[in-house]
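Novice: Modelling step: build the complete structure from the supplied sequences, incorporating the hints.
One line per chain: the protein sequences are A and B, in this order. Going by the numbering used here, the final residue of the first sequence carries number 394, and the count climbs one at a time with no gaps. Going by the numbering used here, the final residue of the second sequence carries number 250, and the count climbs one at a time with no gaps.
If you are wondering where the hints come from, they were derived from the structure by calculation, not from laboratory data. Virtual Cβ for every residue (Gly too), placed ideally from N, Cα, C. Each hint should be verified, as a subset may be incorrect.
[As the list claims (entries may be wrong)] Here are the simulated distance ranges between beta carbons: (1) B:Gly67 / A:Arg389: 25 to 35 Å; (2) A:Gly313 / B:Asp59: 31 to 41 Å; (3) A:Ala339 / B:Gln116: 32 to 42 Å; (4) A:Lys22 / B:Ala123: 25 to 35 Å; (5) A:Thr364 / B:Gln11: 53 to 63 Å.
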Amino acid sequence: MSPTLAVFLKECRESLRDKRVLLNALVLGPLFAPVLFVGLLRFTIARQIEQADKPLPVVVIGAERAPELVTALEQQGMESLPPVSDVETAVREQRVALALRIADDFADDWRAGRPAQVDIIYDSSQRAGGGQVQRLRAMLQSYSWRTGAMRLIARGLVPSSGTGLLIASRDQATPQARGALLFGMLPYFLILSSFIGGMWLAIDSTAGERERMSLEPLLINPVPRAQILLGKLYAAAAFSFTSLTIGLAAFALAARLLPSRQFEMSLNVEPRVIASIVLLMLPVVFLIVISQMLVAAYARSYREAQTYVGLLQLLPLIPSVALSVSPVTPQLWMYALPLIGQQLTMLRLLRGEVVTALPPTLSSLVTIVAAIAVFLLARRTYESERLAVNA
Amino acid sequence: MIEVEQLHKSFGSKVAVQEVSFSARDGEITGLLGPNGAGKTTTLRMLYTLLKPDRGRISVDGLDAALQPLEVRRRLGVLPDARGLYKRLTARENIAYFAQLHGMDESLIRQRTDALIATLAMHDIAERRVEGFSQGERVKTAIARALVHDPRHIVLDEPSNGLDVIANRNLRDFLRQLKADGRCVLFSTHIMQEVAALCDRIVIIAGGRVVADGSPEALREQAGERSLEEAFVKIIGAAAVEGLA
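Specialist: What follows is the structure, encoded as structure tokens:
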């Protein structure tokens, strides 16, 4: 048996006997993110659906001046609330979310066929504001348009002559693309799963092994340290990869459980796509794990290693957040950035787009080169005297 | 045969070992005696190639440790100062792991492990996980792990640390047995009685230097004293002896 294989088997066996490692690497790591994600998404979707059907409560000031308008709005789903005094202050103090004020001279203007004044009173800094204001404004506009059309007919004119433009919105996003917008954070969660999966073993087999005083006896064996490092690397990578696969399977399942039809969107989680993602992530897993081991080898103690590795896993969050908040048109050079390139490709795969071979190949090559570079650094750390001797 | 010549090592500005020379012969037990902090562990760490000496030369069976570190390690069985075992593995798995790293095949591993378990009377703990072992059981497992590849040279750093009287007696018997096999045994200690009872040759280290080297009888003669303790006081000074036990 080669020494590397011996180290690999021993690290795996020892980790499989550690309930804490198992729980973190194979349960919490891969499943925490999907569960949180699906929960959050279901909650958001349920709220939006609920709000769309719910009556819209509006405090109406001066309803008696425009009974027909109020009736028309109520037919569209508005719920009239009794008026309050000093409505501006009431809105500012959040006692009232949304108010409609019908101007004092509304009736006169209306009868004379002049545009009649109505005020929507709201506070745009409040969360509830946006969507509700839009709904009320749309109701008012549709009423305004109907009234205007009827006035034109009464004067013997064709209503459409008052409309200069006919505007229709035709969204070209495929249902998958709309889903991917919501799932923009998914690549990061997959990367996070790989991080958490490998983290325990990476720390435990370097900083942990040194702290438990077993690194010195290990290094006295007639085995080049690079081979020991490789064995540990493969073991950590195996756990990381398992964690990733479990996380990916959980997401694929979650994507089917979501009420995505209500949003006319779907996520492409065919087996072919899942397999491509697994393949794409393979070099990423090695880069992540060897970076963790390098950091853990530098640290003077287990706790210090945990702190550094914890900070390390926030690094890929930055491009992920940037990508999901403001999606960019991917340029070829972006695929040459490890982790970012793979995230872009994963998003395209999930959207159901055709992915050509060049960008993912470029990402993989760059990631492999980066992993080898970090490995060489880690090997240098492993071969230094201070690795085993704390004195 | 282990030969150490003019060894020198410093960490930053602190000189740990200077001009240390001694040799340990096959079929003999050599004791490295010195108070804590005298440079014993650093010397041994250079010997088993964990540390690189700044100057000086180490050879094991004529092989230069600086040039052929892997070959030298193959010939050494080491019980280092750090005894760390893998607590989630059984004693037998701990021993087998190091045997695999020595490139031994499964049947040989089985045979050697069984032999060591018998010699060290480890039957009752062999299949148990190391977590919860007593200090004596840990040292036994660590010794078995260090000797699984049947090395000709055995280097032990403070092997009696933390052992009770019975375990200590068993350890001495075991070291004598290794000597009787014709092996070269080198161990460090800060306990005078231990070297007096066991060693064919005593190397006394104080302040990073070798201050005396010879058989117990030679040391007694050199000092003109009957007891070894008095001889030590005369040779290395009362202050240094206070660091010994």
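Novice: Next, verify each hint and record whether it holds.
Specialist: We went through each hint and held it up to the structure:
no., hint, in the structure
1, B:Gly67 / A:Arg389: 25 to 35 Å, "holds, 31 Å"
2, A:Gly313 / B:Asp59: 31 to 41 Å, "holds, 38 Å"
3, A:Ala339 / B:Gln116: 32 to 42 Å, "violated, 55 Å"
4, A:Lys22 / B:Ala123: 25 to 35 Å, "holds, 34 Å"
5, A:Thr364 / B:Gln11: 53 to 63 Å, "holds, 57 Å"
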